[in-house]
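> Listed below, chain by chain, are the residues.
2 protein chains.
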Amino acid sequence: MSNIPSAAADRLLRNAGADRVSTKAATLFSEILEGMAEEVAKSAVTFAEHAGRNTVKAKDIRLAKNI
Amino acid sequence: MSNIPSAAADRLLRNAGADRVSTKAATLFSEILEGMAEEVAKSAVTFAEHAGRNTVKAKDIRLAKNI
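For the protein sequence lines, the chains are X and F, in the order given.
With this note's numbering, the residue at position 14 of the first sequence is 14, and numbering never jumps.
With this note's numbering, the residue at position 25 of the second sequence is 25, and numbering never jumps.
Keep in mind the hints are simulated off the structure, nothing from the lab.
Note that the coordinates shown come from a computational prediction; the quantities given were computed from them, not determined experimentally.
Hints may contain errors.
Same chains, same label: a pair holds when it works inside one copy or across any pair of copies.
Claimed, not checked - Cut-off 20 Å, straight-line C-alpha distance, at most; resulting in silico cross-link-like pairs (EDC-like, lysine to aspartate or glutamate):
id : residue 1 : residue 2
1  : LYS65     : GLU34
2  : LYS57     : ASP19
3  : LYS24     : GLU49
4  : LYS59     : GLU38
5  : LYS57     : GLU38
6  : LYS59     : ASP19
7  : LYS59     : GLU31
8  : LYS65     : GLU31
9  : LYS42     : GLU31
10 : LYS65     : GLU39
11 : LYS57     : GLU39
12 : LYS65     : GLU49
Full structure from sequences and hints, please.
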């Protein structure tokens, strides 16, 4: 199940100025965004664990975004 | 309006192994993902226009992801 569905990916492209978006483009964009999100999420979880916490905090997200 | 709501950001973090996620972390992650998505989307739209098309295709997304 995708947390970033292709309908959201389609909207993001239209908000960015796209007149039309192919179905394949929306699907691929959804998959790519999900992959990018997973990478940042995994780093954030690692940083929370590294700090001895069970709770992911905003500072873990900030650190994960910068690497 | 967010295309990547904080509930989705929270789920992504839990799927990545988070036991708990602070509300601020989920909100910030949602905002960061939206920003990353907007950057890639804008590039993809620019590449479609550069190729003389009104339709964003998968190859525009691929190119935008790689820059």
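> Compare the structure with each hint and give your call.
Status of each hint after checking the structure:
When the C-alpha separation of LYS65 and GLU34 is checked against a cutoff of 20 Å, the pair qualifies both within a copy, at 15 Å, and between copies, at 13 Å. Only between protomers do LYS57 and ASP19 lie at most 20 Å apart by alpha-carbon distance; the minimum there is 11 Å, versus 38 Å within a single protomer. For a Cα distance limit of 20 Å, the shortest separation of LYS24 from GLU49 across copies, 18 Å, qualifies, whereas the shortest one inside one copy, 37 Å, does not. Proximity of LYS59 and GLU38 under a CA criterion of 20 Å is satisfied intra-copy only: 17 Å inside one chain copy versus 22 Å between copies.
Taking the shortest Cα distances, LYS57 and GLU38 sit within 20 Å of each other inside one copy (16 Å), while across copies they are farther apart (24 Å). Taking CA atoms no more than 20 Å apart as the test, LYS59 paired with ASP19 passes between copies only; the shortest distance there is 16 Å, against 37 Å inside one copy. For the identical chains of this complex, LYS59 and GLU31 are inter-copy neighbours only, at 14 Å across copies versus 26 Å inside a copy, given an alpha-carbon limit of 20 Å. For the homomeric pair LYS65 and GLU31, the shortest alpha-carbon distances inside one copy (19 Å) and between copies (11 Å) are both at most 20 Å.
Taking the closest pair of Cα atoms, LYS42 and GLU31 come within 20 Å of each other both inside a single copy (16 Å) and across two copies (17 Å). Both within a single protomer and between protomers do LYS65 and GLU39 lie at most 20 Å apart by alpha-carbon distance, with minima of 9 Å and 14 Å respectively. Taking identical chains as interchangeable, the C-alpha atoms of LYS57 and GLU39 lie at most 20 Å apart only when both belong to the same chain, with a minimum of 16 Å there against 24 Å between chains. When the C-alpha separation of LYS65 and GLU49 is checked against a cutoff of 20 Å, the pair qualifies only within one copy, where the shortest distance is 16 Å, while the shortest distance between copies is 29 Å.
Violated hints: none; the structure is consistent with every hint.
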